[in-house]
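Student: Since the structure of chain W is already known, use the hints to place chain C on it.
If you're matching them up, the sequences are chains W and C in order. Counting along the first sequence from 1, when you hit position 75 you're at 75 in our numbering, and nothing is skipped either side. Counting along the second sequence from 1, when you hit position 41 you're at 127 in our numbering, and nothing is skipped either side.
Hints should not be assumed to be uniformly reliable.
To be verified - Some, not all, of what chain W presents toward chain C, calculated at C-beta under 8 Å:
#: 1; residue: A15
#: 2; residue: R17
#: 3; residue: V51
#: 4; residue: A56
#: 5; residue: Q62
#: 6; residue: G69
#: 7; residue: T70
#: 8; residue: R71
Simulated from the structure, these hints should not be mistaken for lab results. Every residue, glycine too, gets a C-beta built ideally from N, C-alpha and C.
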Amino acid sequence: MIPQLVTVGRCRPDARRRRLYVPVLPVLLVLSPLLLLAVPVGLVACLVTRVSPVGAVRGTGQLLCALPGTRIEIEQGRTAWLISVR
Amino acid sequence: MNEQRRKILDLLANGKITADEAERLIGALERERSESPQTAAPRPKPRPKYLRVVVNAADGPGADGASRVDVQIPLQLPRAGVRLASLVPPQALARINAGLSRSGVPIDLAELKPQHIEEFIEQLDDVTVDVDDPDGQVRVFCE
Numbered sequence: 001m002i003p004q005l006v007t008v009g010r011c012r013p014d015a016r017r018r019r020l021y022v023p024v025l026p027v028l029l030v031l032s033p034l035l036l037l038a039v040p041v042g043l044v045a046c047l048v049t050r051v052s053p054v055g056a057v058r059g060t061g062q063l064l065c066a067l068p069g070t071r072i073e074i075e076q077g078r079t080a081w082l083i084s085v086r
Numbered sequence: 087m088n089e090q091r092r093k094i095l096d097l098l099a100n101g102k103i104t105a106d107e108a109e110r111l112i113g114a115l116e117r118e119r120s121e122s123p124q125t126a127a128p129r130p131k132p133r134p135k136y137l138r139v140v141v142n143a144a145d146g147p148g149a150d151g152a153s154r155v156d157v158q159i160p161l162q163l164p165r166a167g168v169r170l171a172s173l174v175p176p177q178a179l180a181r182i183n184a185g186l187s188r189s190g191v192p193i194d195l196a197e198l199k200p201q202h203i204e205e206f207i208e209q210l211d212d213v214t215v216d217v218d219d220p221d222g223q224v225r226v227f228c229e
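This is chain W alone, in the form it adopts within the complex (with noise of 0.2 Å):
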């Protein structure tokens, strides 16, 4: 299952915090026009490089479908950041 959310949140010193939801789906149908100018060029990328496109696509699949449960948090004194995949 690729990511469903991605979650981005900071806390910054004067104590506010913002998150930041990126549904990921939806983010992917709407930037699927540059994702579509992508593949030729990811193509091209393989063939120059003799690596193997489908091998490519299968490697970047399962690194994707292994993302969720990725969860960072960084904190510095009052300062913190939070990367969370879902």
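Tutor: Chain C alone, transformed into the frame defined by chain W:
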């Protein structure tokens, strides 16, 4: 099916006890079995799903507060990463290996295969690394 349970079912089949009584007796048997762990088969340990790295650093001089880093990554991620890395062309791998050697890390990435990372992750399940220092603490573990 064990002998006692079979006897209860025989009694039920012969009409010597009612279904309710049979249920109570089987329930009592199961409770007894769960209370005696030496007879019960050991439960398999749940497989860890995540690799966690937690770093806590105390407030140093000149710093604006204590630092904390908490990273949780699914164990599937390194597996997928190694599979993707296996697509790297040999000439690029040679350059990376040369760079690693120059940096004092003589690792041949061409020898890194998905099955190796599988074995590594299998063994990683039981690994816990604790580094305690007056100024901080580092914990690496799987959960």
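Student: Next step is simple, just say for each hint if it's right about the structure.
Tutor: To see whether the hints hold, each was checked on the structure:
{"no.": "1", "hint": "A15", "in the structure": "13 Å, violated"}
{"no.": "2", "hint": "R17", "in the structure": "16 Å, violated"}
{"no.": "3", "hint": "V51", "in the structure": "5 Å, holds"}
{"no.": "4", "hint": "A56", "in the structure": "6 Å, holds"}
{"no.": "5", "hint": "Q62", "in the structure": "4 Å, holds"}
{"no.": "6", "hint": "G69", "in the structure": "4 Å, holds"}
{"no.": "7", "hint": "T70", "in the structure": "5 Å, holds"}
{"no.": "8", "hint": "R71", "in the structure": "4 Å, holds"}
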